[in-house]
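J.: Here is how the chains run, residue by residue.
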Amino acid sequence: MRTILYLLQKEFIQVFRNKAMLPIIFLMPVIQMLILVYAATMEMKSVNITVVDLDLSETTTRLTAKFEASTFFHVTRAQLSPAETDKILLKGSTDVVVTFPQGFERDLKRKDEASVQILVDAINGSAAELSNAYLQTVIGSYNQKIRAEMMGVPKFNPPQQIAAIPAYWYNPELNFKFYMAPGILVILVTVIGLFLSSLNLVREKEMGTIEQLNVTPIKKYHFIIGKMIPFLIIALLDLTFGLLVAKVVFALPFRGNILTLYVFTSVYLFLVMSIGLFVSAISDTQQQVLFVSFFFLIVFIIMSGLFTPVESMPVWAQKLDIINPLYYLIRIIRNVVLKGSGLLDMTRELISMSVYGLIMFSLAVWRYRKTV
Amino acid sequence: MAQNTKLTDSNHCQLSIVNCQLRAPIIEVKNLVKKFGRFVADDHLTFDVYPGEIFGFLGANGAGKTTAIRMICGLLEPTSGELKVAGFDGYHEREKIKRNIGYMSQKFSLYEDLTVYENIRLYAGIYGISRKVRLEKTDELLKKLNLEDSRDKLVGGLPLGWKQKLAFSLAVFHSPKVVFLDEPSGGVDPLTRRTFWDLIYEVAHQGITIFVTTHYMDEAEYCDRVAIMSEGKIVALDTPAALKSEFQADSMDGVFLKIARNKE
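Protein chains in written order, with my numbering: chain D, 1 to 372; chain Y, 1 to 264.
Any given hint could turn out to be false.
[What the hints assert, rightly or not] Not the full set, but computed from the structure, chain D residues with beta-carbon under 7 Å of chain Y: (1) 3; (2) 6; (3) 14; (4) 17; (5) 20; (6) 85; (7) 214; (8) 215; (9) 217; (10) 371.
[Said to hold, decoys possible] Below, a list of computed lysine-lysine pairs in the DSBU-like style, where the Cα atoms sit at most 30 Å apart: (11) 370(D) - 143(Y); (12) 19(D) - 84(Y); (13) 19(D) - 205(D); (14) 144(Y) - 132(Y); (15) 220(D) - 96(Y); (16) 153(Y) - 205(D); (17) 219(D) - 132(Y).
By construction, these hints were calculated from the structure, which means they are not laboratory data. Given the structure is predicted, the values throughout are model-derived calculations rather than measurements. Heads up, the beta-carbon is just placed ideally off N, CA and C, and yes, glycines get one too.
Assemble the whole structure, with the sequences as input and the hints as a guide.
T.: Right under this line is the structure:
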């Protein structure tokens with residue numbers, strides 16, 4: 001055991017003596033939180049809507065006013081011919097064109113039913129879907145009887161009628177930052193934990209210093225644990241920083257127990273670092289470690305449910321997420337932070353991560369060779 | 001012994017070589033082979049090293065010296081053959097061997113971003129040396145190396161000669177039975193090399209067996225016994241004096257050249 005303490009002492013001295021390290025450890029979390037949480041948003045904001053009102057009736061004026069009242073839309077009124085409508089959509093100067101046909105009010109009163117045309121630039125599919133749904137909600141809430149007639153401009157995005165008025169629990173204002181911030185925190189601790197530990201090990205191979213350790217009677221698991229704990233502590237420190245930024249800057253509500261979050265994150269880091277150290281145990285250079293880690297990291301991030309819901313993926317891809325560490329922690333951290341879930345609510349995830357972590361740790365220790 | 005006039009301390013074991021050999025060997029190597037794919041780096045090496053000896057491995061670059069020393073230290077898995085160090089098997093008891101040996105690699109491999117003392121503390125810690133003993137030995141060591149002022153300096157900033165002395169001193173800090181030196185004094189001037197060998201003799205006097213590889217002929221003269229390697233094989237093994245009389249040369253340089261010519 002004492003050996004580990006000497007190794008930890010050495011690692012900490014080396015980390016904090018490296019001048020490039022301090023900014024990485026202390027500035028990265030702040031910058032990442034500030035930029036990414038704002039940038040990685042799918043919140044509907046300032047969608048450009050052009051309202052072509054050919055009816056100019058009381059109903060259409062009031063509906064247009066309703067669009068204008070929404071913070072999501074930036075409304076321009078214009079009298080355009082269908083050809084001109086096409087043009088501005090093509091140019092991209094507007095995202096949505098809503099056209100009230102002549103006789104809209106009259107039809108509504110006489111036939112109890114009227115049509116409105118909504119043309120959506122659906123190049124960004126999910127944004128188009130959201131604007132679409134939102135407009136329909138606005139129109140629907142105004143008058144259930146107005147039938148919205150949808151046309152996605154590239155027609156791969158079929159219109160959907162949304163009738164249900166959802167009640168949004170846990171994040172009632174649908175604040176996207178509350179949703180993103182915990183996810184970005186996961187990316188943060190992952191990058192710090194994974195790269196710092198795995199690059200550190202393989203760097204000893206490159207420098208040749210590992211040879212001097214390999215002729216000592218040092219135990220393999222002592223060595224691996226010695227490479228893990230310092231960066232686990234640094235990553236948890238970064239988690240704390242990130243949480244503070246989220247609290248102060250985004251007023252992120254924190255419903256769960258903070259200790260629960262640290263327990264989950266520690267188990268997660270144990271898993272992620274074991275994977276990283278396994279990769280560096282089988283690699284000879286930092287370049288190899290970077291390439292392999294990067295490949296997996298990108299796949300893991302995109303499949304994690306950080307940006308897009310896991311439920312939208314094909315079933316086989318959802319099944320693959322069983323080996324995706326980020327999938328577990330992003331779910332956990334959102335539940336703990338936003339819902340207040342405790343250890344008992346997420347035992348399945350906790351057990352999965354622990355077992356997976358132990359397997360990867362054993363593999364890392366096994367593959368780390370004291371002989372060349 | 002005529003050649004040794006300049007070396008006051010040389011061949012300290014020479015007179016007692018018979019005594020040395022009466023004891024059980026500390027390193028036993030029999031038909032040791034290391035292959036890398038189809039390339040045979042070490043071809044059936046057989047030799048014994050006795051406690052207290054300074055045993056030299058002499059050969060040109062690529063002769064297989066480093067491969068041999070790394071196998072004996074447990075850094076490389078042998079392909080075949082028998083290997084015993086300090087009574088432990090070189091295949092199954094590698095970790096036990098490692099408790100009893102010290103090693104100084106060809107490439108400087110202490111931590112350059114740690115200070116002199118931090119390096120000492122780390123390795124002393126790994127070998128389980130107590131704090132009290134560590135502090136005592138550290139003072140003693142720094143005094144001997146004239147490094148007292150550099151105790152808290154980063155190792156990376158020391159001149160090469162000092163780095164090598166420090167690496168050697170750390171390799172024997174835990175008083176191993178054998179210390180392995182792989183081309184320990186490469187790249188330094190002859191004077192520094194000489195003072196380096198003074199350190200080696202001092203350690204040898206404490207009873208630590210020295211196993212050293214080199215391609216410097218003057219270093220070969222400092223050894224009690226020398227094995228000359230060529231293309232993965234041991235082509236000669238004896239005391240420097242015996243080798244010189246056998247090959248009718250007046251220096252190890254001459255011995256080496258004659259052996260090289262015989263091969264052609």
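J.: Taking the numbered hints from earlier one at a time, note which ones the structure violates and give those numbers from smallest to largest.
T.: 5, 6, 11, 12
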